[in-house]
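Chains C and F are the protein sequences, given in the same order. The numbering of the first sequence is this note's numbering, which starts it at 2 and goes up by one. The numbering of the second sequence is this note's numbering, which starts it at 12 and goes up by one.
These are calculated hints, taken from the structure and not from any lab test. Here the structure is a predicted model, which is why all the values come from computation and not from measurement. Mixed in with the good hints there might be a few duds.
A few chain C residues that don't get close to chain F, going by computed Cβ distances all over 10 Å [to be verified]: (1) Pro88; (2) Ala139; (3) Ala141; (4) Ala186; (5) Asp217; (6) Ser241.
A few chain F residues facing chain C, derived, Cβ under 8 Å [unchecked claim]: (7) Ala21; (8) Tyr55; (9) Tyr57; (10) Gly58; (11) Asp117.
Each residue gets a CB set at the ideal place from its N, CA and C atoms; glycine is no exception.
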Amino acid sequence: MPDQAVSDRELEVLGLIENVRSRRPKFRDAQITMAHGAGGKASQTLVEGLFVPILGGETLAALGDAGEVEAGGVPLAVTTDSYVVKPLRFPGGSIGELAVNGTVNDLAVSGARALALTLSLVLEEGLAAGDLRAEIEAVAAAAETAGVRIVAGDTKVVERGHADGMYICTTGLGRRDPRSRVSPAGVRPGDRVLLSGSIGEHGTAIMLARGEFELDAAIESDTRSLWPAVDALLEAAGPSLRCMRDATRGGIASVLNEIARSSAVAMIVQERAVPVLPAVAGAAEILGIDPMYVANEGKLVAFVAPEAAEAALAALREVPGCEQAAEIGEVRTEPPGMVLVETSFGGRRVMDQLVGDPLPRIC
Amino acid sequence: MRFVDEFRDAELGRALAGEILGLVEPGRHYKVMEVCGGHTHSIYKYGVDDLLPTNVELVHGPGCPVCVIPMGRVDDGIALAHIEGVIFTCFGDMMRVPGSRGTLLDAKAAGADVRMVYSPLDALRIAKEHPDREVIFYAIGFETTAPSTALTLKRARAERVTNFSCMCNHVTIVPPLRALLESPDLRLDGFVGPGHVSTIVGARPFEFIPADYGKPVVISGFEPLDILQSVAMILRQIAAGRCEVENQYTRVVPYDGNLRALEVMAEVFELRPHFEWRGLGFISHSGLRLSDAYADLDAERRFGVPGVRVADPKACQCGEVLKGVIKPWECKVFGTACTPERPIGTCMVSSEGACAAYYNYGRFARDREVV
Chain C
2 MPDQAVSDRE
12 LEVLGLIENV
22 RSRRPKFRDA
32 QITMAHGAGG
42 KASQTLVEGL
52 FVPILGGETL
62 AALGDAGEVE
72 AGGVPLAVTT
82 DSYVVKPLRF
92 PGGSIGELAV
102 NGTVNDLAVS
112 GARALALTLS
122 LVLEEGLAAG
132 DLRAEIEAVA
142 AAAETAGVRI
152 VAGDTKVVER
162 GHADGMYICT
172 TGLGRRDPRS
182 RVSPAGVRPG
192 DRVLLSGSIG
202 EHGTAIMLAR
212 GEFELDAAIE
222 SDTRSLWPAV
232 DALLEAAGPS
242 LRCMRDATRG
252 GIASVLNEIA
262 RSSAVAMIVQ
272 ERAVPVLPAV
282 AGAAEILGID
292 PMYVANEGKL
302 VAFVAPEAAE
312 AALAALREVP
322 GCEQAAEIGE
332 VRTEPPGMVL
342 VETSFGGRRV
352 MDQLVGDPLP
362 RIC
Chain F
12 MRFVDEFRDA
22 ELGRALAGEI
32 LGLVEPGRHY
42 KVMEVCGGHT
52 HSIYKYGVDD
62 LLPTNVELVH
72 GPGCPVCVIP
82 MGRVDDGIAL
92 AHIEGVIFTC
102 FGDMMRVPGS
112 RGTLLDAKAA
122 GADVRMVYSP
132 LDALRIAKEH
142 PDREVIFYAI
152 GFETTAPSTA
162 LTLKRARAER
172 VTNFSCMCNH
182 VTIVPPLRAL
192 LESPDLRLDG
202 FVGPGHVSTI
212 VGARPFEFIP
222 ADYGKPVVIS
232 GFEPLDILQS
242 VAMILRQIAA
252 GRCEVENQYT
262 RVVPYDGNLR
272 ALEVMAEVFE
282 LRPHFEWRGL
292 GFISHSGLRL
302 SDAYADLDAE
312 RRFGVPGVRV
322 ADPKACQCGE
332 VLKGVIKPWE
342 CKVFGTACTP
352 ERPIGTCMVS
362 SEGACAAYYN
372 YGRFARDREV
382 V
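So that you can see chain C by itself, here it is in the shape it has in the complex (with noise of 0.2 Å):
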């Protein structure tokens, strides 16, 4: 056998499997799994495999965190997400206060500060008031720190056993701010990735609040509005603001993963320069969880051309909440589509999506 790490034949291999991985997933599933609820591939099969091929458009294709639309030259950003979080209330926020800055976020990384938002209820029959009322309350506080205003709502009740509480769904209405110039595919080689914080709070604070674990920690989520922070990125860097996304479900991985994949690009990530707590390292640790794959819901990824980095990473960390933001990693050509990671140990891994979350209905 020859002495090299990797032969002709198994390039030939891995050659073969980036091709079928390149194609468009087909959605062949006989029915619907918790994974393709979870933002691993199942989800993206099901997205790409089913949906935009039926619902069509350029707008959808894009697969943003929010789509264009123009009214009287106006270009503006629309998005709309469900909550289905259980248990309601975690440790560091609620279901109320979550559909509020998750749809403001998605706006806010596609470059839109939020000017409206309606909200649609989904509430189980025997849902006591007091919850009920806790959670508007926090809807409503949530809309003020972000600074924008619900302005229609839709209420429906279905029967005991059906909706764990409550749903909510809200839709969001951003005008696109002029500095920016975002965009899926806008990531060229040699930009710079950015993290705006420590990752894996959410997930973390939502698994030890079921209670399923016998485990304790101090962990909180870390739902906030994300429009102060990418508000900082595009004052300092403008149109080199490549792109954002906000890494919820999935976490920063799927979140690199998606980029890679829409721009064509590979990605480095230094795993050293990413910020975890220690109480979520540790919790992670012992679940056998990798905190890149954990679910945030105030921590956004910005790509910046390399030239405005430093400025942008400055800017980024004067904002609250934002005081531990880093650059992690880099955009590179080869191998396309591609995330790698430069262990701490000094060895390099592939980070790839995952299939479906271990932990489902965390948002």
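Position chain F relative to chain C; hints supplied.
Here is chain F on its own, set in the frame of chain C:
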């Protein structure tokens, strides 16, 4: 993280890599098998391979609990899960293992109450919370997890929880290793021994490997430095012409194992005459079932299972991967027809499976620069 980061120190890693380089004979190719799937996972996750000289090859072994479960046993589990009123509990990885007609996850989507647990005690807790339902725990794993299943069954008995039972798929590590060593198509220079299993059984049961087959064994921990150090210890044995069982994982593994855990296992389990392993076929005295004293807690005896043996899919080469005969990428369907999203074989399902580890972490041309 204290007491963990110390074992992932890059500088110490480089120092060990240098030491390993000094121990290998140039021109000689070394094949070392890591028995345990946990090691395989660590090797890929931390990129341990990147620190080894190219003539030291790590070969992945059979020690992945999910990987060795044959299709028929998955079908049996799914049959139990579909029984009216049953809450079926298992570890998360197990839910994605394909049976002949879908996975437990599919059974869940079709209406079966299948729940993921992190420990058998969680399953027992669910049984106590739902006294009107039958709760079945689908137990898998080597000697590492068998004691916790045994303790859970003892507790169920002591607390008179009558709606709890266990479908036992526990296996033992020595029989497949012996089968592997008897196989003519594998040439190995040594073994990185299974650290977790050894915390229970100790290092002694592996003495047959140097004694009968002339191969060194080093019981290893799971951090990247542990694995590098174990490889160095194996190479040092080879260089010095020694051949014995050594224990690198002394901070956890006592040479004689955990006697209390072994006692509990002996009380609750007995050896099956034979047990089918995925890709390896039937191996005598390699699987455990509940002893007659615990027969009433045995889900197979309480409910009955189809027990139909299902042949592995033709294209699947999990057996050869588990024996270390081929590398994951050498399988005909690897990464094309068989992927983590649509696995054909078990090795592509579990995070400890060699195929999943290679696909998820190692799938790039590592000797080429990233540009």
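Review point. Any Cβ of chain F at or closer than 10 Å to Pro88(C), or is the non-interface label fine?
Key: holds, 16 Å
Review point. Measuring from the C-beta of Gly58(F) to each C-beta in chain C, is the shortest one below 8 Å?
Key: This hint holds: Gly58(F) lies near chain C, its Cβ roughly 2 Å from the closest one there, short of 8 Å.
Review point. Closest CB-CB distance from Asp217(C) to chain F, is it above 10 Å?
Key: holds, 15 Å
Exercise for review: Confirm or reject the statement that Ala139(C) sits farther than 10 Å, beta carbon to beta carbon, from all of chain F.
Suggested key: Holds, because the least Cβ-Cβ distance between Ala139(C) and chain F comes to about 29 Å, which exceeds 10 Å.
Point to revise | Outside-interface status for Ser241(C) - nearest CB in chain F farther than 10 Å | key: Given that every Cβ of chain F is farther than 10 Å from that of Ser241(C), nearest at about 22 Å, it holds.
Check your understanding: Can we trust that Ala141(C) is non-interface, i.e. its beta-carbon lies farther than 10 Å from all of chain F?
Key -> holds, 36 Å
Practice item. Verify the interface restraint on Ala21(F): the C-beta must sit less than 8 Å from at least one C-beta of chain C. Key: With a closest approach of 4 Å, the Ala21(F) hint holds.
Check your understanding: Can we keep the Tyr57(F) interface hint, with Cβ of chain C closer than 8 Å?
Key -> holds, 4 Å
Point to revise | Minimum Cβ-Cβ distance from Ala186(C) to chain F exceeds 10 Å | key: holds, 21 Å
Point to revise | Per-residue hint verdict: Tyr55(F), partner chain C, C-beta under 8 Å | key: Holds: closest Cβ of chain C sits about 6 Å from Tyr55(F), inside 8 Å.
**Study point:** Proposed interface contact between Asp117(F) and chain C, which counts if any beta carbon pair is under 8 Å
**Key:** holds, 7 Å
Against the hints set out earlier in the document, no violation occurs for any number.
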